[in-house]
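Trainee: Here's the letter readout for the chains.
Protein chains: 2
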Amino acid sequence: MPNGPPRAVVLLSGGLDSATTLAIALRDGFACYALSFAYGQRQRVELAAAERVARALGVIEHRTAVIDLRTFGGSALTADIAVPKDRSESDMGHGIPITYVPARNTIFLSYALAWAEVLGAYDLFIGVNAVDYSGYPDCRPEYIAAFETLAGLATAAGAEQRGRFRLHAPLLHLGKADIIREGVALGVDYTLTHSCYDPVAELACGHCDACLLRRRGFDTARIPDPTHYASSSHEGKHP
Amino acid sequence: MPNGPPRAVVLLSGGLDSATTLAIALRDGFACYALSFAYGQRQRVELAAAERVARALGVIEHRTAVIDLRTFGGSALTADIAVPKDRSESDMGHGIPITYVPARNTIFLSYALAWAEVLGAYDLFIGVNAVDYSGYPDCRPEYIAAFETLAGLATAAGAEQRGRFRLHAPLLHLGKADIIREGVALGVDYTLTHSCYDPVAELACGHCDACLLRRRGFDTARIPDPTHYASSSHEGKHP
Chain A
4 MPNGPPRAVV
14 LLSGGLDSAT
24 TLAIALRDGF
34 ACYALSFAYG
44 QRQRVELAAA
54 ERVARALGVI
64 EHRTAVIDLR
74 TFGGSALTAD
84 IAVPKDRSES
94 DMGHGIPITY
104 VPARNTIFLS
114 YALAWAEVLG
124 AYDLFIGVNA
134 VDYSGYPDCR
144 PEYIAAFETL
154 AGLATAAGAE
164 QRGRFRLHAP
174 LLHLGKADII
184 REGVALGVDY
194 TLTHSCYDPV
204 AELACGHCDA
214 CLLRRRGFDT
224 ARIPDPTHYA
234 SSSHEGKHP
Chain B
4 MPNGPPRAVV
14 LLSGGLDSAT
24 TLAIALRDGF
34 ACYALSFAYG
44 QRQRVELAAA
54 ERVARALGVI
64 EHRTAVIDLR
74 TFGGSALTAD
84 IAVPKDRSES
94 DMGHGIPITY
104 VPARNTIFLS
114 YALAWAEVLG
124 AYDLFIGVNA
134 VDYSGYPDCR
144 PEYIAAFETL
154 AGLATAAGAE
164 QRGRFRLHAP
174 LLHLGKADII
184 REGVALGVDY
194 TLTHSCYDPV
204 AELACGHCDA
214 CLLRRRGFDT
224 ARIPDPTHYA
234 SSSHEGKHP
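Residue numbers (my numbering), protein chains in the order written: chain A, 4 to 242; chain B, 4 to 242.
Derived by calculation from the structure, the hints in this document are not laboratory data. Please note that a few of the clues may not be correct.
Facing chain A, a subset of chain B residues (Cβ under 8 angstroms, in silico) [unchecked claim]:
{"no.": "1", "residue": "Val121"}
{"no.": "2", "residue": "Asp141"}
{"no.": "3", "residue": "Leu153"}
{"no.": "4", "residue": "Phe221"}
{"no.": "5", "residue": "Thr223"}
Which bits of chain A does chain B cover? Going by a derived footprint, with three or more residues having C-beta under 8 angstroms, they are [stated by the list, open to error]:
{"no.": "6", "region": "63-72"}
{"no.": "7", "region": "114-122"}
{"no.": "8", "region": "139-145"}
Counterexamples of contact, computed for chain A against chain B with all Cβ distances above 12 angstroms [stated by the list, open to error]:
{"no.": "9", "residue": "Phe111"}
{"no.": "10", "residue": "Ala204"}
{"no.": "11", "residue": "Pro227"}
All of these numbers come straight from a predicted model, not from anything done at the bench. In this text, a Cβ means the ideal position worked out from N, Cα and C, and glycines have one as well.
Using the sequences provided together with the hints, build the complete structure.
Mentor: Right, here's the structure in full:
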């Protein structure tokens, strides 16, 4: 066991949710190791955001694992499928979004678990939340519980009962506005983060599901949205 | 749902166990999609074996996903740590081997799950067995059960109850000799497979745990070991 504060591996996408999750892990006293993925996604600008967030919030180490989810196809985030735009909330709330990447969180958490085992860490953090789990199967509370069980069985540390793995999902029951309030209270600078599925010249499109949820979150929280959108007409619509 | 026989994703390392597992999946009537990994392992000769086995047994498709487990270090199979040689059975049976790769099966199965979801497959096959699970935490029956539970929760197909994921580990309770007998009965040509952790000019070393277990398996099954070992002196010792 390493000395000092307990270590945690935190999945960091560069988006609003994972930045807030990292701030919570730091507040809770963990020495944080941030893990990002280059997975053939179109929004490589996310990785630059992850790097900025990791540096600003202060992690021990930030690694980016290169994996290729395109091998198996099947998502607007990794293949050449159009990202849906300007969907209503009821459309977003129904069914599994086309932007769903098969088994993505399972793959990400598996890598986090591997790193945790090497680090002697027993805590993993992931920024899934109530808004996501209406659509993504691997964002549901029962999924989080099942992965935590698996982690204890999958690892040498778990098998030898040297520690108990915990998968923390501190945003699980929060809506976007609650997350933003929490992050602002913890000093997260959301201008460093990036949520958009379909950026235009590194600026958020303002129309994809991620942009719409983010904008509504700031509106609901009554906090000015610091995001720079590609289309200024939308900044007028959502002041 | 695709028409025709049910599809299965079979993890195929090129070793004796996974070749036998593939033969069992084929016998059971599955249309098999074989999945291998290039994970920075020293024994790249394994991948050539996987390709030979996939072709000989007849899969629909064989893919090799490139992943880099060295990112996190921590195993003789991926880092520059000496592979232990000529260990006694009691040494092998105690503790977690240095050749253990953190969270390896979890990562492999996560990729298999992603491919299964894209294929519309609900069946995954992995060749873990009783000999392995004395040492590797992610080869135990309770681990297999936990991953099967996770798979159902992790995926769109599972969440929408279009099908029930099954993780098959048909060798789970078999020793090496039983596996060899089963494979021979199913017509597996074991000269195509490769088990050695530390090959010498593409030949099995004859001394690492994998070689020792394989040799003893053939001895116990009273089946001639068709493996070509680098050191002929050992073929004399284990005729």
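Trainee: For this structure, which hints from the list above don't hold up?
Mentor: Violated: hints 4, 5, 9.
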